[in-house]
Each structure stands twice: as C-alpha cells, then as structure tokens.
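Chains as they are written, first to last, in this note's numbering: chain A, 10 to 120; chain B, 503 to 617.
A couple of the hints might just be wrong.
[Stated by the list, open to error] In the DSS-like style, the derived pairs of lysine-lysine whose C-alpha atoms are separated by at most 27 Å in a straight line are:
(1) B:Lys542 - A:Lys79
(2) B:Lys546 - A:Lys79
(3) B:Lys511 - A:Lys45
(4) A:Lys68 - B:Lys573
(5) A:Lys45 - B:Lys543
(6) A:Lys79 - B:Lys543
(7) B:Lys546 - A:Lys45
(8) B:Lys542 - B:Lys573
(9) B:Lys511 - A:Lys65
(10) B:Lys542 - A:Lys45
(11) A:Lys79 - B:Lys538
(12) B:Lys573 - B:Lys521
Hints listed in this document are in silico derivations from the structure and should not be mistaken for laboratory results.
Because the structure is a prediction, the values reported are computed rather than measured.
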Amino acid sequence: GQQVMQIPQYQHVQEGEDFTTYCNSSTTLSNIQWYKQRPGGHPVFLIQLVKSGEVKKQKRLTFQFGEAKKNSSLHITATQTTDVGTYFCAGESGGSYIPTFGRGTSLIVHP
Amino acid sequence: DTAVSQTPKYLVTQMGNDKSIKCEQNLGHDTMYWYKQDSKKFLKIMFSYNNKELIINETVPNRFSPKSPDKAHLNLHINSLELGDSAVYFCASSQAGTSGAGGQFFGPGTRLTVL
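All chains, full assembly: derive it from the sequences and hints.
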C-alpha cells in the first residue's frame, strides 16, 4: 500500500532560525496536504498542493510539491514560538479520497 | 459556530465496557472519517464514510463500528474496551471525490482512557 515518509521526527530550533520538514511518497500523488497540530489541539488544514512543481506561500511558510509529485516540503522562515507544533503531510493517490498521513515532524522553538 | 464537534471531550472507562463517541459536522461535507492518534502522535485512519461507501481500515478490530444516522453525523461505537484502545480519537470531514477539494476539517478530539 501507499506509504508517506516524513522527516525529521523532531526538530529543535532557536527562535529566528529556519525550519524544513520533508515528505516522500512511495507512489505518485494526486495531491498533498499539510496540517499543523498545536500541543493538545487537533490537526488544522494548512494547504493543498495539486500541480507538479507547485510552490505556495503563506506568510513565512513555503510549501513545495515535487516535479514527480512524489515528494513535498514545508519551509518556515525565521521561526517564532507560535510555530510550535507537529506538522503533518498527507498524500492522496490513485483516485482515493482518503489521504495517507506521514508520522509528522514536531517543531520545538526555543526563545 | 463549530464546524466539526465531538462529544465527549474526555472519556474514562473500565476495561470491558462499551462506549460511543459522537461526531457532527455543519460544513455540508459528504465524507466523514475517524482517526486514532496514539501517544507518539501517529494519525491512523480507522474509517471513511459517505452516503455511498464505508471504507474500513482492515487493521481496525471489529469491536469498533461506525454508525451514521445521517450525512452530518458519524458516531463511533466501541465494544469490550481494552487498555490498548486508550488514545485520542479524532473525527474529520471533507468534501471528497474532487481533486483540490481542500483538505479535512478535524474535530477537537476525544481523549479515551481505559483503566
């Protein structure tokens, strides 16, 4: 079955440093979604990427979808303490509307 | 207005009991889901359901059963609770079936503790 690998599992940064999390799928994806879960909270949908090579920005967050539609990344510029949480990617493929979630990357920002 | 709501928020119960968790969405979505999140934060899909199709993750024990009285509700019933069932359970909804439909909306979660 489809697998979505996400690295790193944890990332400690000093406030102001940049952060990147990566997702790789074993199969070609129709789209990839990104979610953020704050400690004690629930996953919140951030964005969906559909097109090969697509790049989207939300303020300090930059999302990329690979040319082969098998990998994606989320980059945060100049992290803030409000960025703390676990970031999940979730990929859909093969006409299924059920995304496969990566294991998440937990971001810890030290002030 | 809450888009996806779940009750209860916390559930503490004894092994062997039967319990239900309720979920409602007011987004008009046609597909609802149940996820289990363990202590390591892994989000495991349990069920996906719309008015046409129920998809069950084959690794989910048959003690777990989804019940949908209507399109806006998907409840989760658990029989004979076990210690390993302790986790946070999330309900979610989406407008499925169309590419670029815009992701899933999650409820606040139900923290289940089995003693």
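Cross-check of the supplied hints:
1. B:Lys542 - A:Lys79: At roughly 25 Å apart (the allowed maximum being 27 Å), Lys79 of chain A and Lys542 of chain B satisfy the hint.
2. B:Lys546 - A:Lys79: Holds, at roughly 21 Å.
3. B:Lys511 - A:Lys45: Given that 27 Å is the threshold and the Cα spacing comes to 20 Å, the pair holds.
4. A:Lys68 - B:Lys573: Violated: Lys68 of chain A and Lys573 of chain B sit about 36 Å apart, past 27 Å.
5. A:Lys45 - B:Lys543: 12 Å, holds
6. A:Lys79 - B:Lys543: 23 Å, holds
7. B:Lys546 - A:Lys45: 16 Å, holds
8. B:Lys542 - B:Lys573: 32 Å, violated
9. B:Lys511 - A:Lys65: Violated: Lys511 of chain B and Lys65 of chain A sit about 35 Å apart, past 27 Å.
10. B:Lys542 - A:Lys45: Given pair Lys542 of chain B, Lys45 of chain A holds - Cα atoms ~15 Å apart, limit 27 Å.
11. A:Lys79 - B:Lys538: 25 Å, holds
12. B:Lys573 - B:Lys521: Given pair Lys573 of chain B, Lys521 of chain B holds - Cα atoms ~22 Å apart, limit 27 Å.
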